[in-house]
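Chemist: These are the residues of each chain, in order.
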Amino acid sequence: MDFTLIKERAEKNWKALENLRQPFIQIGMGTCGKAAGADEVYAAAKAALKAMSLLGRIMQVGCIGTCYLEPMMAVRKPGGPFIYYGNLTAKRTEEILISYLRDGDPKPEWAVCFTGEGPVDGIPRFEELPMIKPQVRIALRNCGIIDPENMEHYIARGGYSGLMRALRMNPEEVVQEIKDSGLRGRGGAGFPTGMKWEFARRAPGLTKYIICNADEGDPGAFMDRSLLEGDPHSVLEGMLIGAYAIGCNEGYIYIRAEYPLAIKRLETALAQMKEYGLLGRNILGSRFGFEIHIKEGAGAFVCGEETALMASIAGGRGMPQSRPPFPANKGLWGNPTNINNVETLGNVSAILAQGAKWFAGFGTEKSKGTKTFALAGKVERTGLIEVPMGIRLKEIIDEIGGGVAKGKKVKAVQTGGPSGGCIPAALFDLPVDYESLTAAGSIMGSGGMVVMDEDTCMVDIPRYFLSFTAEESCGKCMPCRLGTRQMLDILNEVCEGKGAIEDLEILKDVSETVQKGSLCGLGQTAPNPVQTTLRYFHSEYEAHILGKRCEAGVCKPLFHYEIDPETCNGCGVCSKKCSVEAVTGEKKKPHSIDPDRCTKCGACYEACKFDAIRIC
Amino acid sequence: MEQAVCQELSVESMPEIEGFFNEMRKTFKGSADELIPMLQRVQRELGFLPEQALLEIARLTGLSTARVFGTATFYAQFRFQPVGKNIIRVCRGTACHVKGSNRLLETIEEHLQVTPGQMTPDGLFTIETVACFGSCALAPIMVVNDSVYGSVTRSGALKLLNEIRVREAGLLG
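For the protein sequence lines, the chains are H and A, in the order given. Residue 218 in our numbering sits at position 230 of the first sequence; the count goes up by one each step and never skips. Residue 71 in our numbering sits at position 80 of the second sequence; the count goes up by one each step and never skips.
By construction, these hints were calculated from the structure, which means they are not laboratory data. Check the hints yourself; a few may be wrong.
Where chain H lies over chain A, by a calculated footprint (3+ residues, C-beta under 8 Å) [as the list claims (entries may be wrong)]:
hint	segment
1	22 to 33
2	64 to 74
3	90 to 101
4	128 to 138
5	147 to 158
Please read these numbers as outputs of a predicted model, since none were measured by experiment. We put the beta carbon where it would ideally sit given N, CA and C, even for glycine.
Please put together the full structure from these sequences, using the hints given.
Modeler: What follows is the structure, given as structure tokens:
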């Protein structure tokens, strides 16, 4: 099929949707949306339209990034703006739809923002929201705006025009374009993508492979899932462009089995591409042909490493191999192979459509473009964000995230998951780019960003990550296999109050050995959480060892709860919450906790509205 | 880690597995790179990987049984023991950890009196932990069979378990 015809039709249908003469409702149906109850909202919206005998269109969209407002709905009356509502319940959905569509009152007090023609009284514009204002959306350009299961939406918004442009260039020019853009791998290590493509292109061999690494194994990261759920074609288009540039005809997507919705969306997208002649032989009338296979991972963090990933695709244990030979020369089944991360490929399609110069206009000198982050943990506004490189951590946490929740004090931010480190609040002026984060002892990583407050224990955090890496170490390199276990044992002792101050020296020693003596990124970076906390939060280690105290109230043997009789008003909520009857007291009189009975589960601490329960 | 010792199937379920493998032969060629997809398929169908199935896969692919067992036990996804009717998975990702998923897990363990990987004696529940579900913005996350629940409180989790219990009792009665 001719692409011009496809594009014309897609644009016509998109325009028709924009000019729809019926109420138009969009509901975010990503995994997060569904977890928060988007299915009920969908059903309620459908029922409300029916009850009012209104003809209307309900469309499912991906995640727009304001995850803390899930489930979300956007409502548009013919010719009007889209008004967004968040934290919906079935009842609230019905109330809004009846009020707005029937009675004409958009209920500004429940609305979050609007997009399109404005202004609307009492409702801010989407782009003006504090969470959205500092953001620049390149990889996430379509997320939450199009129906991810409708390829025409993607095409109407400029999709596949990058591929069209690439096919008119010769492959070397495409590689050069990516080099000029300054794009670096978004999976964490930040290797220049254009250079990687060039290696694979130049490698001798007739059969070559391109692999999309969607094995987003870092706990605390969900950028790739959201992108694949919200705009799968942007990644697939990037893959096609890469394949054309490298000169290969077969590709694999290696995706976690924990992402069933993303897998489903990819399968749908691939079927549509086949239908439109974007897969198979002679793509869009060119001499370029390409096939894509989906491979589901089986739950091994180490498979995010390139050589382990390929071993897993080939059907074996996912254990890394030493390099050289590099995958670009000898990869999958011994053939030259290029592996790119999901977000990298999502950027590739944008770069080819808009040009290298445009892309290089964002970011810093060495880190071009934008980066998506999964902002989670103890911030007011959690979500999926995309910011220009070079933005300061402070801006992300305070402006986009709205600061720490519940008025607590911020302590640190963790980037890069188990391979990254904890950056203390004192360093929040740091710009977010590959070099600055590495210098601070952390890494850019794939984009997990977990904010921690005073209730987070900085000895427990490395212990948590080490319990993960010790479990996930494939066991091939002894320093990693034994070292992660050794570090975990020490941290366990410290958290139990059995640590000695000399242990910290051993911990440092072992961490350096593991770093130097491991073959792959898992072992080389596993000590990062330990090293950064030792560097920035040494006093917490000392408090655990010398003072036998965990001030965050996390390490159970090192604290107890007490009720402050001055503040307690005897409301009784704590004693109701206690499952072991450790909290007692007369109504309206100060309560007390029996330390022998208390299991330190924290239920009373969380329940007390008057901050009367103290960690001692 | 789950126990890497395979449970054998009872004699009654043997014909079932034979029929299943006849189906498998139609969809898989038996090449080495199909090993993981085959294991995934068996687990989807039977809930776990019984010893007979692993031996059958070794025959089908021509790979050594050591290679098949070695690969299966490498990946966290595969189970070698039967599971309960409802699988309760608690996310242990970073954001969930920071938001108290360890306490959530403790509460569920205490309530059901089993630890992750184990099935309750009535066969109703199995608890599992998952490294990360990738819904971190709604931490802590709990997944019951295929439904994802966000911002789960301890009392909310127990309510959910009771609802399942009531529903199952209704099905039986």
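Chemist: Among the hints numbered above, which are violated by the structure, and what are their numbers in rising order?
Modeler: Violated: hint 5 alone.
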